[in-house]
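Number of protein chains: 2
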Amino acid sequence: MQTDFKIRSATVADVPEIFNLILALAEYEKLSAQVTGNVENLQADLFGDRPCIEVIVAETEENQKIIGYALFFTNYSTFLTQRGIYLEDLFVLPEYRGQGIGKSLLRRLIEVAKERGCGRFEWSVLDWNEPAIAFYQHMGAEVLPEWRICRISL
Amino acid sequence: MQTDFKIRSATVADVPEIFNLILALAEYEKLSAQVTGNVENLQADLFGDRPCIEVIVAETEENQKIIGYALFFTNYSTFLTQRGIYLEDLFVLPEYRGQGIGKSLLRRLIEVAKERGCGRFEWSVLDWNEPAIAFYQHMGAEVLPEWRICRISL
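Protein chains in written order, with the numbering used here: chain P, 1 to 154; chain E, 1 to 154.
Here chain P stands alone, though its shape is the one from the complex (with noise of 0.2 Å):
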C-alpha cells in the first residue's frame, strides 16, 4: 500500500519525535550503545541562539506522523572555495520502506543545495551495506573509494 505522504522543513514541535527516529536508526545500525545525546540538545543545536543543523522530515498525509528524517549542515571544499551540504542521518521507519521516501528526502535536499548555490551534496555510507550503495548509486552519487575517516572522541 503506498502511503500518502509530504516533505517539509522541521519545526520545534517535531523535535521529540525527530529524537525518537535518531533513537530508531542507532537501533538499526546497531549503535544504540554510542547514543549519549538528549532531545534538549538537539532542539538547541536546530532551534536554539546559534542552530548548526537542519531536519526535513517526511509525514503521512493521514494522520501528520512523522515517518522519516534528513538531518544535515553545512560543510565546505577549499578547490572549490564553496559551501556544500553534508547529510548526517537519512532514516525512514522500516514499516514506510520501498516507496520513494528516501528517495524523496535525498531529492529534495538536492534541490536545496541546488538553491544554495553549493558545489557538492556529500554523505557517508557503511561499505557493506549493498542495497543501500546501489540506491545512492542509482541517485546519481560517486562513491568515493579511497577516503576514510579519521576520529578522535574527546
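Please note: incorrect hints may appear among the correct ones.
Which stretches of chain E does chain P cover? Using the computed rule of at least three CB atoms under 8 Å from a CB of chain P, they are [claimed, not checked]:
#1 2-13
#2 24-34
#3 42-55
#4 84-97
#5 108-115
#6 118-128
#7 134-144
Cut-off 30 Å, straight-line C-alpha distance, at most; resulting in silico cross-link-like pairs (DSSO-like, lysine-lysine) [to be verified]:
#8 K30/E with K114/P
#9 K30/P with K6/P
#10 K6/P with K65/P
#11 K6/P with K103/P
#12 K30/E with K65/E
#13 K30/P with K114/E
Keep in mind that the hints were calculated from the coordinates and are not lab data. Quantities reported herein were computed from a predicted structural model and do not represent experimental measurements. Backbone N, C-alpha and C fix where the C-beta goes; we use that ideal spot for every residue, glycine too.
Given the coordinates of chain P, work out where chain E should sit on it, guided by the hints.
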C-alpha cells in the same frame, strides 16, 4: 635545521597566502584540475557576513611566512547531540615537513575542539597514504574502516 614557528588564528591579511597553500595542496595531491575556487570567495567564507569556515596557520618567527595551515568547520553527531570539528585541509609546505608543524596544528585544533565542548574531531585521509595514517594513529586517531563518502557534484 629546526624552524622556529608559531600557531595562530588567520586574519584577513593572510587570505591570499592561504589560497596559495590550497593551490600547493591540490598540486601535491595531483588534483589541481579540480580547483575552480578563488581568493575572493575564500575571503568571504572566512571573514564575510556569514562565515562558515575557520583557519589556523603556522608562521615562521623569523620572517612571518605562512608555512602551513589547517582549515576547519563545525560538524555534528546526532548520536551525541553535540557539535564536532571537521578538519577539511591540513597542509605544511614540503620543505618544512618533519619538524612537528603538522602535529602542532593538529594539537591546537584538538584543544579548540575541547574548549568548545565538541564530542569529536574528525577528518579524512586517502587509504594509500600510509605515512599520514601512521602519523594520525600516533596522534590518537581511529581510522574508521567501513565508511565511504558519497558525493553528488552540483
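Going down the list of hints, with the structure as the test:
{"no.": "1", "hint": "2-13", "verdict": "violated (count 0)"}
{"no.": "2", "hint": "24-34", "verdict": "holds (count 4)"}
{"no.": "3", "hint": "42-55", "verdict": "holds (count 4)"}
{"no.": "4", "hint": "84-97", "verdict": "holds (count 3)"}
{"no.": "5", "hint": "108-115", "verdict": "holds (count 3)"}
{"no.": "6", "hint": "118-128", "verdict": "holds (count 11)"}
{"no.": "7", "hint": "134-144", "verdict": "holds (count 7)"}
{"no.": "8", "hint": "K30/E with K114/P", "verdict": "28 Å, holds"}
{"no.": "9", "hint": "K30/P with K6/P", "verdict": "29 Å, holds"}
{"no.": "10", "hint": "K6/P with K65/P", "verdict": "10 Å, holds"}
{"no.": "11", "hint": "K6/P with K103/P", "verdict": "12 Å, holds"}
{"no.": "12", "hint": "K30/E with K65/E", "verdict": "24 Å, holds"}
{"no.": "13", "hint": "K30/P with K114/E", "verdict": "28 Å, holds"}
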